[in-house]
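Just so we're aligned: 134 in my numbering is position 134 of the sequence shown, and the numbers increase by one with no gaps anywhere.
Worth flagging that the hints you see were computed from the coordinates, not collected in a lab. Cβ coordinates follow ideal geometry from the N, Cα and C atoms, glycine included. Mixed in with the good hints there might be a few duds.
To be verified - Derived DSSO-like pairs (lysine-lysine); straight-line CA-CA distance at most 27 Å:
no., residue 1, residue 2
1, Lys-175, Lys-58
2, Lys-22, Lys-56
3, Lys-88, Lys-22
4, Lys-88, Lys-56
5, Lys-56, Lys-175
6, Lys-139, Lys-88
7, Lys-139, Lys-175
8, Lys-88, Lys-58
Claimed, not checked - Cβ-Cβ distance ranges computed for the label pairs, FRET-style:
no., residue 1, residue 2, range
9, Tyr-19, Gln-153, 39 to 47 Å
10, Thr-67, Gln-104, 19 to 27 Å
11, Ser-57, Gln-104, 38 to 46 Å
12, Gly-135, Tyr-19, 50 to 58 Å
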Amino acid sequence: MGLWQAASVGAQPAPSSGYAVKPSDVAIPQGETLGEFRRMIQPFRNWTLICDESLKSKRRVCNITQTIVDAQGAVAFNWSLVATADGKPLMMMRVPAAAGVGAQIELAMSDAPDRIIAQTDHCDAGFCFATIAIGNVLKRHIRAGTPCRVSYQLPQVGSVMLEAPLDGLSVVLSKLK
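Work the whole structure out from these sequences, hints included.
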């Protein structure tokens, strides 16, 4: 008798009160069916490549993301490199919802910093969001793996300043080609 058979012989059904199957953390996009959709997560230095693929249509959509957490493990900053439907690269940024709509997020890169300022345009219960196009300045710093200082204001906290390294992002991009 195999291990699984031996375990199942004396197994009792779990009582219905208090236990349930945890649903997948992966949200299935509209129009897809369970079992016909795959998510691949590949870690890199400082960044994570996430690709979703429809097994039916063979369409694959990827993003590259980085999350910075505070000492308590709460998300302080998250950004993802994504592409529009026509292939234009964008950087989507997320800061805590307390920042509010219209909050400025400043990215300062290198010692004599190039600065990019984005503004949050909408929020949900957890985060406020800002999106910027990836222009020549940001492309240059991605290739160089430049350290990036991120700063924004939170009403109850004041100025938040953290480092979100670009190091490793160019390696992830090279794997997508």
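Evaluated hints:
1. Lys-175 x Lys-58: 19 Å, holds
2. Lys-22 x Lys-56: 25 Å, holds
3. Lys-88 x Lys-22: 36 Å, violated
4. Lys-88 x Lys-56: 25 Å, holds
5. Lys-56 x Lys-175: Distance of about 24 Å is within 27 Å: holds.
6. Lys-139 x Lys-88: Holds, at roughly 13 Å.
7. Lys-139 x Lys-175: 16 Å, holds
8. Lys-88 x Lys-58: 21 Å, holds
9. Tyr-19 x Gln-153: 39 to 47 Å: 44 Å, holds
10. Thr-67 x Gln-104: 19 to 27 Å: 20 Å, holds
11. Ser-57 x Gln-104: 38 to 46 Å: 40 Å, holds
12. Gly-135 x Tyr-19: 50 to 58 Å: Since Gly-135 and Tyr-19 have Cβ atoms about 52 Å apart, the given range 50 to 58 Å holds.
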